[in-house]
Amino acid sequence: MNDNYHIFSDGRVERHNDTVRLVTEDDEKKYLPIENAEALYLHGQIDFNTRVISFLDDHGVAMHVFGWNDYYSGSIMPERGQTSGQTVVEQVRAYDDEAHRGNIAREIVAGSIHNMRANVTYYDNRDYDLGATLESLDRRRDEIKSVASVEEAMGVEASARRAYYAIFDQILPDGFVFGGRKYNPPNNKVNSLISFGNSLVYANIVSAIRATALDPTISYLHEPGERRYSLALDLADLFKPVLTDRVVFRLVNRGQLSDDDFDSEMNACLLTESGRETFSKEFEQTLDRTIDHPRLNRKVSYQYLLRVEAYKLKKHLLTGEAYESFERWW
Amino acid sequence: MSGHTDERTGETDPVDLLLESARDEAVESSFHVTGVMMQYYEVCERELWFESRNIEIDRENPNVVRGTHVDETAYDEQRRNLSIDGRIAPDLLDDGRVVEVKPSSTLVEPARLQLLYYLWYLDRVVGVEKEGVLAHPTERKRESVELTDETEQQVEDAIRGIYDVIRSETPPPATEKPFCESCAYYDFCWSC
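Keeping their order, the protein sequence lines are chains A and B. The working numbering applies: residue 1 is where the first sequence begins, and numbers increase by one. The working numbering applies: residue 1001 is where the second sequence begins, and numbers increase by one.
No wet-lab data here; the hints were simulated from the structure. If you're wondering where the values come from, they're calculated on a predicted model, not measured in any experiment. Positions of the beta carbon are idealized from the N, C-alpha and C atoms, including for glycine. Honestly, I wouldn't trust all of these hints.
Residues from chain B shown here face chain A by an in silico Cβ test under 10 Å; the list is partial [to be verified]:
{"hint": "1", "residue": "1163"}
{"hint": "2", "residue": "1171"}
{"hint": "3", "residue": "1175"}
{"hint": "4", "residue": "1179"}
{"hint": "5", "residue": "1190"}
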């Protein structure tokens, strides 16, 4: 149950007998085997009707919709998704208790610093001298233990991420100038790749959260947002270095992206359909990678790690057992 | 009728608590014991605590799906489901015996305890004596189960044990058991 299907072309998804099929504008028909699907990702302009939604619902498959600029615009989730009043009550209790909220927020920041650090170490061992960045991340990691407020925790997270992003220009080849994180809209190729990657991480985490009865709007590090699934933002921070950033480095360093994969207008730079296709193919392969899980005693996919993270948080909230955020261990 | 009190705590014995509220609907009690709680108590007290808090996990777990399927299809023709007070739901065979169907005999003790609880409940609350039969349709095996002094004691001890587990603020810690890996809560317990 963990294949994601990405649809980039414009057209229509419809139920056809016992499958879902995509009919593109030039009347090409593609069938999507739905039995093993986790979610459909719609990137193009797609028509669909209630019949296909009921069908996806029966098979427990979510549908995530992306807007013109690759931003996540919403999901159609299977009705069978879990709901539990008690879980939401405990989520809110933890949010409302400053000390409790702070503990969770600090744990998330500590985990995301660790995961950024893992990427820096990887390149430090490969001909780059990144010792100063490692030290800076270590200091942030110490600092996070003693921050008093969630606001300060956000501040530590932001400065760690700045230090981390500062090495991108060293690691990435000529022609891929980063110059710091910019979004709304992304201003260059690297930023457009990171934006697209992060929105995929985000949507995958929305699916993982919805499988656990946690309410995606009640969060600890980020403020509960009115228009965003802020709990997905919390957990996405942990996984961006492992998923988005590694995919960006891999594609760019292997020269798998060309100018045709980007569309620059005014100050914005966005991925074209072919760019998004290349990116999500690599991204999906990364989600499918497996790793020995020391506690679960089996191999689990990177994608399943997202689900595990939601379980861990839910367990913490409902049982009081400690929450230790995801830290890359390999 | 007032129940026995526990000498240590001065609290009502959970067995009496359960019987009083079951016999007299005017007696309000939040303490209910279902058949599946009996099973969980025998299998894993942590699972029992999760169940009592409605912590549900992974309904697509293959073992859960399989168990439900066996339960829904076995002896379909001769089985009548009987729900009593909304508290217990034993299945009756045509010959009047109470039947409990299990997909396999690997976890036979929990199923036996569940069946004994139904027999005990029918005897003590409803006032009918029934015989029980434990059936493993996939293995074509059946065995008969009866309420005796010894098995009654077993049921009542389990009721007290269940009371202690579900009243606790926190779940019993996870302990590795041979059947953990086939449990629907496995990832929840061990993901850490």
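Going down the list of hints, with the structure as the test:
1. 1163: It is violated, given that the least Cβ distance between residue 1163(B) and chain A is near 19 Å, above 10 Å.
2. 1171: Check passed: Cβ of residue 1171(B) comes within 5 Å of chain A, closer than 10 Å.
3. 1175: violated, 13 Å
4. 1179: Given a least distance of 14 Å, the restraint on residue 1179(B) is violated.
5. 1190: With Cβ-Cβ at 5 Å, under 10 Å, it holds.
Going through the hint list in order, the structure does not satisfy hints 1, 3, 4.
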